[in-house]
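> Single-letter residue listing:
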Amino acid sequence: MRLREIVEALNLEILNEGEHLDEVVLGGYVGDLLSDVIASGTAHHLWVTIQVHENIIAVASLKDLAGIIVAKNSTPLEETLENAREEGVTLLRSPLNSYQLVTKLSELGISGG
Amino acid sequence: MFKKVFRVEGGNFQKAGSVSKQIKKILKQLNLDGELIWRAMIIAYEAEINAVLYAHECQVSLEITAEKIYMRFKDKGPGIPDISLAMTEGYSTATRAMRERGFGAGLGLPNIRKTSDHFEITSTVGVGTTLDIDLFLN
Chain A
1 MRLREIVEAL NLEILNEGEH LDEVVLGGYV GDLLSDVIAS GTAHHLWVTI QVHENIIAVA
61 SLKDLAGIIV AKNSTPLEET LENAREEGVT LLRSPLNSYQ LVTKLSELGI SGG
Chain B
114 MFKKVFRVEG GNFQKAGSVS KQIKKILKQL NLDGELIWRA MIIAYEAEIN AVLYAHECQV
174 SLEITAEKIY MRFKDKGPGI PDISLAMTEG YSTATRAMRE RGFGAGLGLP NIRKTSDHFE
234 ITSTVGVGTT LDIDLFLN
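Just so you know, the protein sequences line up as chains A and B, in that order. Read in the working numbering, the first sequence has 6 at position 6, and its numbers run on one by one without any break. Read in the working numbering, the second sequence has 237 at position 124, and its numbers run on one by one without any break.
A few of these clues could be false.
[Said to hold, decoys possible] According to the in silico footprint, chain B covers these stretches of chain A (three or more CB under 8 Å from chain B):
id: 1; segment: 11-19
id: 2; segment: 38-48
[Claimed, not checked] Capping the alpha-carbon separation at 20 Å, the derived lysine to aspartate or glutamate pairs in EDC-like fashion look like this:
id: 3; chain 1: B; residue 1: Lys-128; chain 2: A; residue 2: Glu-86
id: 4; chain 1: A; residue 1: Lys-72; chain 2: B; residue 2: Glu-213
id: 5; chain 1: B; residue 1: Lys-141; chain 2: A; residue 2: Asp-64
id: 6; chain 1: B; residue 1: Lys-117; chain 2: A; residue 2: Glu-86
id: 7; chain 1: B; residue 1: Lys-227; chain 2: B; residue 2: Glu-202
id: 8; chain 1: B; residue 1: Lys-189; chain 2: B; residue 2: Glu-122
id: 9; chain 1: B; residue 1: Lys-187; chain 2: B; residue 2: Glu-233
id: 10; chain 1: B; residue 1: Lys-138; chain 2: A; residue 2: Asp-64
id: 11; chain 1: A; residue 1: Lys-72; chain 2: A; residue 2: Glu-8
id: 12; chain 1: B; residue 1: Lys-128; chain 2: A; residue 2: Glu-8
id: 13; chain 1: B; residue 1: Lys-134; chain 2: A; residue 2: Glu-5
id: 14; chain 1: B; residue 1: Lys-116; chain 2: B; residue 2: Asp-245
Because the hints were derived from the structure by calculation, they are not lab data. Note that the coordinates shown come from a computational prediction; the quantities given were computed from them, not determined experimentally. Backbone N, C-alpha and C fix where the C-beta goes; we use that ideal spot for every residue, glycine too.
With these hints in hand, go ahead and build the complete structure from the sequences.
Shown next, in the form of C-alpha cells:
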C-alpha cells in the first residue's frame, strides 16, 4: 500500500509532504525512545510516535523510513518542520493515540515487519 | 583508502544527526551494501547523539578501506567514571530534559557495541571518551 493511500484511509493531516507519499509502505514501528527506533526502525516502514522535537527527522531520514505519524495531534516544533522540509521527510499527524493508529494500520495490512 | 574527519558540536540538538547524514551519503556513494549502511547509521547516530548530549565537542574520523569501515568518536567532555556500568542496557545518566526528548534510555552504547564487529571504548574522567569501531565489509 502506498503512503498516500494510507493518508487518505486514516484521514491523516500532512504536516510536510516530503518525498515519500508515493512510496510503498512495507511495515510499521511504534516508539518514543529514539535509541529504540534508530536500532529497530526499518527502511520503508512508517513510524508512529508522540515525539515532536527536531531529532525525530534525523532518525527517519537516516533509517530511510517511509514517514512519521505524530499521534494525539501533538504539535511539532518549528525546527522539526524546518528539518522535515530540508530532509524531504514525510510528516503526518492524527488525533488518534499510538495504539489506535497501530490498530488501524494493522487493519490496512501494515504489519510490524 | 577514503578518510574524512567531521566535528560534532556538544549541546547542539538542531544539528544532531548531520554528521551521520554526511557519513551515510559517503557510504551510499561508495555503493556499499545496504545492510552495512543500516548498521553504520545505528552506530554513527547513537555516537553522535551521545556527543551532543554529554560532550563539549567530538571529532569523528571515518576511514574506509577494502576490508572495513572504521569510525572513531573522540570527544572532549566529562568522561565516564564506570565504563562497565555505562555499557549496561538501561543505565543512563541522562537528565529529565534529555529523557523527554526520547533519549537516555540507556541503549546507546549497548546498541553501538551490538551493531559493531569490533568495539573499543576508553575514557578519562574530566578529559573525554573515545570509541573505536570497525565494521567489516565481508
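> So which of the earlier hints does this model not fit?
1, 6, 12, 13
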